[in-house]
Amino acid sequence: MSVNVPRQARREPDEGLTREDGACIRSDPLRKFPREVPPAMTRRPSNDPPDDEGPDEDTVKAIVDASEARVFRIDPSMRMTWANRAARERHGLGERTTATLAEVFEAPKRAALLRPLRRALAGSRESVEWRSVDEQERPCWTLATITPELDADGRVRSCVVVCVDATEQHRISEARQRGDAQKRSVLENLPDLVWTTRADGSADWFNHRWSEYGGRPTSDWTDLMPPEDQARARAAWDEAQRDPVPFTLEARLQRHDGAVRWHLLRILPLRESVTDPTVWGWCGSGTDIDDRKKAEVALRSTQDRVGSFLGSLSHELRNPLAALAAAVQIMRHPRAAPGMVARALDTIERQTGQLSRLVDELLDVTRLMDGRIDLQYSEVALDALVRETCEDLAARAAADGVALGCELPSQPVFAQVDPVRIRQALANLVVNALHACRETGSVTVSVLDLGSAEVGIRVTDSGCGLTSERLAALLESAPGPLPGSHRSGGFGLGLQTARHIATLHGGRLVASSAGSGHGATFELRLPPRREAPAARDVEPAPADLHGHAVLLIGELGHAQFAAQLEQSGAVVGVARAGIEGLRLLAQGTPTVLVCDLDLPAPLTGYDVLREVDRIGALPRPRMIAIGASEDIDIAAAKAAGFDDCLIRPVTIARLLEALSAASPRIGA
Numbered sequence: 303m304s305v306n307v308p309r310q311a312r313r314e315p316d317e318g319l320t321r322e323d324g325a326c327i328r329s330d331p332l333r334k335f336p337r338e339v340p341p342a343m344t345r346r347p348s349n350d351p352p353d354d355e356g357p358d359e360d361t362v363k364a365i366v367d368a369s370e371a372r373v374f375r376i377d378p379s380m381r382m383t384w385a386n387r388a389a390r391e392r393h394g395l396g397e398r399t400t401a402t403l404a405e406v407f408e409a410p411k412r413a414a415l416l417r418p419l420r421r422a423l424a425g426s427r428e429s430v431e432w433r434s435v436d437e438q439e440r441p442c443w444t445l446a447t448i449t450p451e452l453d454a455d456g457r458v459r460s461c462v463v464v465c466v467d468a469t470e471q472h473r474i475s476e477a478r479q480r481g482d483a484q485k486r487s488v489l490e491n492l493p494d495l496v497w498t499t500r501a502d503g504s505a506d507w508f509n510h511r512w513s514e515y516g517g518r519p520t521s522d523w524t525d526l527m528p529p530e531d532q533a534r535a536r537a538a539w540d541e542a543q544r545d546p547v548p549f550t551l552e553a554r555l556q557r558h559d560g561a562v563r564w565h566l567l568r569i570l571p572l573r574e575s576v577t578d579p580t581v582w583g584w585c586g587s588g589t590d591i592d593d594r595k596k597a598e599v600a601l602r603s604t605q606d607r608v609g610s611f612l613g614s615l616s617h618e619l620r621n622p623l624a625a626l627a628a629a630v631q632i633m634r635h636p637r638a639a640p641g642m643v644a645r646a647l648d649t650i651e652r653q654t655g656q657l658s659r660l661v662d663e664l665l666d667v668t669r670l671m672d673g674r675i676d677l678q679y680s681e682v683a684l685d686a687l688v689r690e691t692c693e694d695l696a697a698r699a700a701a702d703g704v705a706l707g708c709e710l711p712s713q714p715v716f717a718q719v720d721p722v723r724i725r726q727a728l729a730n731l732v733v734n735a736l737h738a739c740r741e742t743g744s745v746t747v748s749v750l751d752l753g754s755a756e757v758g759i760r761v762t763d764s765g766c767g768l769t770s771e772r773l774a775a776l777l778e779s780a781p782g783p784l785p786g787s788h789r790s791g792g793f794g795l796g797l798q799t800a801r802h803i804a805t806l807h808g809g810r811l812v813a814s815s816a817g818s819g820h821g822a823t824f825e826l827r828l829p830p831r832r833e834a835p836a837a838r839d840v841e842p843a844p845a846d847l848h849g850h851a852v853l854l855i856g857e858l859g860h861a862q863f864a865a866q867l868e869q870s871g872a873v874v875g876v877a878r879a880g881i882e883g884l885r886l887l888a889q890g891t892p893t894v895l896v897c898d899l900d901l902p903a904p905l906t907g908y909d910v911l912r913e914v915d916r917i918g919a920l921p922r923p924r925m926i927a928i929g930a931s932e933d934i935d936i937a938a939a940k941a942a943g944f945d946d947c948l949i950r951p952v953t954i955a956r957l958l959e960a961l962s963a964a965s966p967r968i969g970a
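Throughout the sequence shown, residue numbering follows this note's numbering, covering 303 to 970 in sequence.
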């Protein structure tokens, strides 16, 4: 750019340049001359007293000479006419020199200087940087500022070149650029949605995650919101504009596939410093909280159902307890008739049985939910299992006035399941259906073959049915009172048990209903076993336990197992608790002692084992433990001294197999 110096602003030999405000600008050759002389500058007559003389030329030269910067004066012929101390020492020059650029600067630096010098000699103020290496071969940078010097007539007579070391500034700038690049890389790779806006809120940058999430161009941070959320966001933004402080809000953002997910948006103002009140922009981030919101809703629903369940449970417990209290009062009455006492005893027996069943169901659901049930898999023909279950419940259905029937396929349908647990689940579903059809209606149980994917059992009733709302709440994970207390006595324990049994088998429980008054259908779906089990050529010989004396202590000590063992030839003693078992043991030493590890207090199965070893009976009976956990009880029982350990539920076949291996026999 050429220098435009108005004639009235030219400086005569004894004159200075003054502005309208009275300030004086000296035109010393070593001072930087302004790029353009403002029109406001006017000539000050030489006879006017100066406002401020300033330092003389020698003082200015001394100041420049003491500077660390290298300062040159270069004339239009591209020769140096003066250099300060730093320049003389660096380039080996005298104070008054006529060295050319070629004599002072290497070719690359000379090439960098030449064009800006020519523009400066034409009246333009210039600056240029170049890169070189120092004595240690490290990169360094030099910044040269070139200022034209004007004579009294406003013509350029020379240029002043000031060279300063800009290496540190470059290092700081490069470090800042690297830091900015690192920050940008972090923001681009965050799982959150990040954007920045100008002070007025217009967006100027979105990170890659935002573009990936939205799948379409956006110009505003509210573009992905539904209208109602946009209104809330705009209201929060307007409030933040009046008082620029960070703010947060929860809003829904639409994903590229149409899904709408909740996000927590955090937006904060950007300032040069903490104390600077001026906001030059805003930065926002969005964190996906949709899963958390759903979990909170599910948790609240579970808490509501648990609270309702506990309320219903207390009601169910209060009914038999009230009946028990009334029966006790009758029995305590001194004039109670024998008939009344007998009825009171029947009430006590009936209500305690109901309480026991309720507690057993609660414990069973808890064990199933915790996965503390070990399944005993075998090939099961579902049609046979359905037929047997219907036969077992036929009397109950007849008592309720409900027609119970089954529909069986022409060919057997097999599944690899635990028959005891599947029978339990099916019984719960059928009993539920009988409750729904009490005193009228019908229940049909059928076997499903759904191809290669699933097999199952369907229970259909013509009872009260379920609304869509009740159906949606029916199979929730938390136990609770069923919608409509006529199903399953008001609790969801039977259905919860069936659902968890299906889940443990890798299957599921499916419910459907046409609505209230139109009955309901429940399907227990299971993984299939496509081929029938291999036929056995030779049936196994029945167990021969002649000569064995077996003592059963614990849950196996009941008439069913005792009778079957006696049919195999064994002499059997039974005891429910450890103390009773030790009393029988003192009457005669058995050849096999089968003991539950979890006996009623005060003795455990391990206590019985220690007592047997203390007595020192000869020969020592074979000790078989009954445990609950395959992972824990087997190793612990054998380490304690048991010869074998069976895991519940124990079938008679498994017990007979273990007893057949026992020896010696009586009299051997």
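Quick caveat, the hints were computed from the structure, so don't treat them as lab data.
Mixed in with the good hints there might be a few duds.
Claimed, not checked - Here are the in silico distance ranges between beta carbons for each label pair: (1) Pro640 x Gln869: 35 to 43 Å; (2) Asp506 x Val576: 17 to 25 Å; (3) Asp358 x Ala404: 33 to 41 Å; (4) Glu476 x Ser575: 18 to 26 Å; (5) Glu693 x Arg634: 18 to 26 Å; (6) Arg645 x Ile934: 45 to 53 Å; (7) Gly808 x Ala644: 20 to 28 Å; (8) Arg594 x Asp502: 31 to 39 Å; (9) Pro640 x Glu693: 50 to 58 Å; (10) Arg810 x Gly641: 29 to 37 Å; (11) Thr654 x Pro528: 54 to 62 Å.
Backbone N, C-alpha and C define an ideal beta-carbon position, used for all residues, glycine too.
Numbered hints the structure breaks, given as an ascending list: Structure breaks hints 5, 7, 9, 10.
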